[in-house]
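Engineer: The numbering used here puts the first residue of the sequence shown at 30, with every later residue one more than the last.
Read the hints as simulated data drawn from the structure, not as lab findings.
Predicted, not measured: the structure shown is a model, and the values here were computed from it.
Please note that the accuracy of each hint is not assured.
Capping the alpha-carbon separation at 30 Å, the derived lysine-lysine pairs in DSBU-like fashion look like this [unchecked claim]:
#, residue 1, residue 2
1, K83, K65
2, K55, K65
3, K65, K54
4, K83, K54
5, K83, K55
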Amino acid sequence: MFHRVLSTTPLQDYSLLVCFENGEKKIYDVRQLFEKWEAFRALSDTEGLFRQVKVDAGGYGISWNDNIDLSCNELYRGGSNASEEPA
């Protein structure tokens, strides 16, 4: 089962608010990927890149460019529940 993404909003400290098609909202901390995958370091090294995140066609993931992306299921499983959107 896919947990398709409707929208994503970049937050402070390299976290994302991700809204899913089923109505759930989760916070995903991208910092955990900086050491694991070299490509993700560009999000902190390149000014403004992190804020350029976009939802892929069909909501099956998100991406920043051709080298940096995350699947909808990774965001769903790896995210923590968000009680409400940030102010």
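Engineer: Can you confirm whether the C-alpha distance between K65 and K54 stays at or below 30 Å?
Structural biologist: holds, 25 Å
Engineer: Could you grab the alpha-carbon distance between K83 and K65 and see if it respects the 30 Å cut-off?
Structural biologist: holds, 22 Å
Engineer: If you draw a straight line from the CA of K83 to the CA of K54, is it 30 Å or shorter?
Structural biologist: Distance ~16 Å between K83 and K54 Cα, so the pair holds.
Engineer: For the pair we were handed, K83 and K55, check the Cα-Cα distance against 30 Å.
Structural biologist: holds, 16 Å
Engineer: Hint check: K55 vs K65, CA-CA at most 30 Å. Holds or violated?
Structural biologist: OK: K55 and K65 at ~21 Å, within 30 Å.
Hint violations for this structure: none, all hints satisfied.
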